[in-house]
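Using the hints provided, position chain C relative to the given structure of chain R.
Residue numbers (this note's numbering), protein chains in the order written: chain R, 2 to 613; chain C, 135 to 500.
It should be emphasised that the hints constitute simulated quantities derived from the structure, not laboratory data. Be aware that a few hints might be false.
Straight-line C-alpha distance at most 27 Å; calculated DSS-like pairs for lysine-lysine [as the list claims (entries may be wrong)]: (1) K13/R - K226/C; (2) K12/R - K226/C; (3) K12/R - K263/C; (4) K12/R - K232/C; (5) K263/C - K13/R; (6) K403/R - K349/R.
Pulled a few chain C residues facing chain R out of the computed Cβ check, cut under 7 Å [to be verified]: (7) I365; (8) Y425; (9) A427; (10) V458.
Backbone N, C-alpha and C fix where the C-beta goes; we use that ideal spot for every residue, glycine too.
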Amino acid sequence: MIDLNERHIEKKSFFNRLLLIYFFFGFLFFFLISKTYSLQISSYSDYELAALKNKTKEVLVQPVRGIIYDRNGNILVNNVPTYDLIIQPSKVKNLDDFIINISKIIELTEAEIESINKNFKNKATYNRELTIKKNLSKEEIAKFEVRSFRFQNAFIDVRYSRESKYPFLFSHALGYVGGVSNDKVLSILKNQKLKQSETNFKYSGGFIAGKTGLENIYDSVLRGSFGKRIFEVDAKGRFLKELSFDEPINGKNIFTNLDLNAQKIAFEQMDNRRGAVVALELRSGSIVTYLSTPTFNVNGLSNGMSSLEFNKLINDVNKPFFDRAGQGRYSPASTIKPAIALFGIEEKIVDWNFTLKDPGYFVLPEDQRVYRGWKKGGHGTIDMRSAIVESSNTFFFSLAYKSDINNLISHLSKFGFGRNVCKDCFNPDSGLLPTPEWKMNNLNFGWFKGDTVNLGVGQGYMSATPVQLAYYSAFIAKKGNLQELSFVKYDDTSDTTFINNLSIDDSDWNKIHSSMIGVIEDPKGTAKRLKPLKSYVVAAKSGTVELVSTETKEDYKLVRQNIGNRDHAIIVAFGPMPNPEYAVSVVIENGESGGSVAGPVAIAVLNELINK
Amino acid sequence: MKKKLDFKNFSIYFDQYLFIAITLLSVMGLFFLYSASQEDISTVAKQAVFVGFGLLLMFMVSQPDPDFYNTFSGLFLIFSLLLIFLTMIFGKEINGAKRWLDLGFFTLQSSEIIKISLPIFLSSYLYNKPLPISTKHTFITLILIGFIFAIVAGQPDLGTSLVVFMSGGYVLFLAGLSWRFIGSAGALFLLSLPFLWNNFLEPFQRQRVLTYLNPDADPYGTAWNITQSKIAIGSGGINGKGYQEGSQAHLDFLPETETDFIFAVIAEEFGFIGVCILLSVFFFILIRCLYLAFNARDRFCRLTIGGLSLVFASTLFINLAMVVGVVPVVGMPLPFISKGGSSLLSFYLAFGIIISMATHKKLMQR
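Chain C on its own, in the form it takes in the complex:
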């Protein structure tokens, strides 16, 4: 239930269900991370600071009225874009990708922010347009989405850029993008696939996709990650091997245990039962978001809650699908669990905004 606690002149906006579920996930995340990081207390401590700060951020961000976000969504988007441009100029290059901006106390992955600010901006932009959305606005929106997608993809960061693309796409779709348009765009995309393949994908990205399509071709090369991840998950069985007992994770067979593949560590150590418990928390959050979206006070709030919750869902499912080996390895964190401050903070930010949208009643209308 949405809650508005009244302290005389002063209201606190708070959704206990989301707050508890997210706190639970975050704490579970710290617990898993300790094992996944080979019992590295400093990694966990650092993550704990982000979790604490993130929860505070979520709480603070949920306090302003949605009108505030509506008003300042453009500024927020420009700020996010600025961060991306700064990254392009001053960013740290790691493994041929320039995604990180060193802020001294913390390395920011700037594309994580824009996947939040873009759907908010689009929701705001479409707030007072006649719906279903007109062709003109469709194109304006698409150009913006395409522009931002191209920037992020150019970092290069295929995974995040896809999520950014989706974040805009979801809002557009929810705002009533015509089916005919969707159909023709889809056809156009399929036709241009070979062109995109040759011109827009980096060799390592192409390799990942090829490995995905035929993992047996190279069991010790690029398919190694997928193979080892499947072994880790499969060998967990029903009950798992026990906390800190995962041999795949602890003997270095599993790659990226702290980040992309942390789900495999959880599955190995806690088995199918652990996986079901973890996923039910995620499931709960998504269902709660659906409920909140249905009961949102206006179009802006609806579109924002819908858009942001779908970004969250997409990140979650891409990560899971990648780790169990049904989609190529793209580099996608498990929300609230994987190590990495940017992703963590961006989701606290998103849920803070969702709570704000869900808890503030419109005073003027109705």
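Bound-form chain R, shown alone:
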């Protein structure tokens, strides 16, 4: 028999030990409850969100980009829906295998494979979609759909390709669109109050943005806002049902003042020569023609071209990508003369009766340096009108010599030189209106009187873009009442009063117009060859930009053997007179003669604009 006392001790030990374990479990119990409490109550919102994120998937719905019209309602740029094969690169483990497998169903060109390989890594890193092939045929779609189970991460969806109806005509004016950098995507999403979450990127195509031209300037208008579909998904990512759908807001259409036919004429006339044509409608101050040649196929750039084609364009010596109209810098040469003449009148340095004997050159009194005119022997005794009509350099050398450089600069600035004159041009260059400070800062030389003299004939340091030259032309045509240029019709155009600070009498403006008419109509006019090309009166001023300074015609003959050394041809014109409606500027690089080479292009464009 077991001793009672011993049994009592044993029982007590058992109870103590059992209680010890129970206390331990009690503690564990409390711990687990508190853990559950912290999950369910303290961190509830985090986990609620996590569960919501688990079961929902956002799919952005691409808005349709706005259409761009010309002023007559012709569609210039449109959107073409295409069925594209798209993958989610972050989910594709082996790209080579994928390409091999997909190639068995859908034929891929070398350029397409190259583009896939090039973009794959970046798109995978940022979890953005990658288009494998655009514009699938019905057969390709059917072939893919029956085998789609083999390609879990690939799908076919509608994407809109940007299509320019006239891919070569408006390359620089309207520009092209393209994929967007990852930073830009974030900023677009932010502007549209969309969160940067993994799902945003997933199936959201249409992250295209305007890269250049109006596509860029009006990108936010054209783009619209993304719509959003929210789906319930299971753990395998299968879409179970649509929970909500916010419709996308499509981009707004843009109605430009561009004139399709005038642009066509300008393009034909330029015939791929290097240069630019800019034409303006005077009433509204809007751009109707904006052409830089040679040009390129903007659709290829918007929707993908092979790197071979792209490199060919990039390496082309004629630089087709370069927007000569807005960024090309050319000396205004003799086209500057009407502005200098108006300065002389305004500053009362000269009047219309003032005459000067032109021996064909001007000698700078300070250092006896000789500044030559274009005509050997000179133009004889001339007044200001003849100096414009015949383009006497001597007259304007002399006039500039008598001018204060700072006053002259501020005068020329009012005509649009040295500043941006366009509201919605892409990346416009301001040209150069040289000041003594500029020269000191950039060339480390003081301003010479000779620099002022050179400015009198638009040579030397001064340069302007064809857009500025067109503005200048329109400014004279409208007698100084011109505001900033724009491509797009603004409703409030007519209300704007323009203050130009010029104190030039209407009669002086009329005399300038008459002189410029003389450039074409007068038998001695430098552009008299243009007279028969039109049926109305046009005011113009031609110019020839000397690239290499030569003393004699024989020297120039040697110089011109190298095409790149030949003079640039420039003309500014407006008409019909006496009530001008349009102004135009034409630059043809190495075209040699402003009047006879650039002139016909300008007249042809005016004909199209005026005669219809």
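This is chain C only, laid out in the frame that chain R set:
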């Protein structure tokens, strides 16, 4: 209160508290399982059959006198071991583990039985030994525990083998295992951890432990289960999302919803309030077992009630700790709730024996 209903010559042994609590848990389990199984009525029906059979089993098992179990505990252990050996020979291999014995009408996880029979046997073995337990008997006991642990671990089934180990360990501890021994064994275990890690754990088990230690390292890989389980529990909030409304459970984010992770489904759909109600039933059962152990008639009954109730508690807490992400995923059911006949039946068996131990008065002594 222990009850002995007298029908003239015939007594029924029955503990109404445990019986009601366990029946309640079982019915709640069926209810939860219906949602956790994606409204699969056949799964629930099958489970219901086990519940019905289990309750009957519990009742029947509580009728014999503890002496019966004392006498036949050795046979019971041998029978359990036999089942394990049969499993090793004829068992079904699932996911690299050979744990299941196909009995035609039901697939038995044989290791579930031994976690019941081992503590009963040890209680019986220590019944007439002088206490505190001598070194010799300590070693004999430990060798037996170690042997059975090794067999189960070799299936491999880390979770169950740990519970089996504990089931023996609890009895040994309750029987008065010396503290000095516990201290030195603990030290030895810690020292041999690296050796055990390299030689006894399967790669997938090692991975589970590593995942547990650093769950953020691989959020979509092995840590997926823990992450999704936490999201399910956390997103349940106070009131839960409502019955059958758990998105984590119903959209397949949560793994093993019917078995190991059923607690997460309950927490998601019924929230903290539901969790508290469920856990209070478990808590009640454990407190009742403590009371019964304190009032047991002799050492055998005490040790058996203590051992079996601690096995139950251990299974419960390991499951809960795993689901809320505080211990590695080891594969442990939530007693009376998780799908799975073997686990269910083994606990009905255990509680049947506990009731027998608690309700039979010793006639000879006192």
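Going through the hints against the structure:
Between K13/R and K226/C the alpha-carbon distance is near 46 Å, which puts this suggested pair outside the 27 Å criterion. For the proposed pair K12/R and K226/C, the alpha carbon gap of about 45 Å is over 27 Å, so the pair is violated. For the given pair, K12/R sits about 14 Å from K263/C by alpha-carbon distance, which is consistent with the 27 Å threshold. Between the alpha carbons of K12/R and K232/C the distance comes to roughly 41 Å, so the proposed pair goes past 27 Å and is violated.
For the hint pairing K263/C with K13/R, the CA-to-CA distance comes to about 17 Å; that is within 27 Å, so the pair holds. A threshold of 27 Å between alpha carbons decides the hint, and for K403/R with K349/R the separation of about 11 Å falls inside it, so the pair holds. Taking 7 Å as the C-beta cut-off, the interface hint given for I365/C holds, the closest approach to chain R being about 5 Å. This hint is violated: Y425/C has a C-beta 11 Å from the nearest C-beta of chain R, more than the 7 Å allowed.
Below 7 Å, beta-carbon pairs count as interface contacts, and A427/C has one with chain R at about 6 Å; its hint therefore holds. Here the hint on V458/C is kept, as its CB sits about 5 Å from the closest CB of chain R, short of 7 Å.
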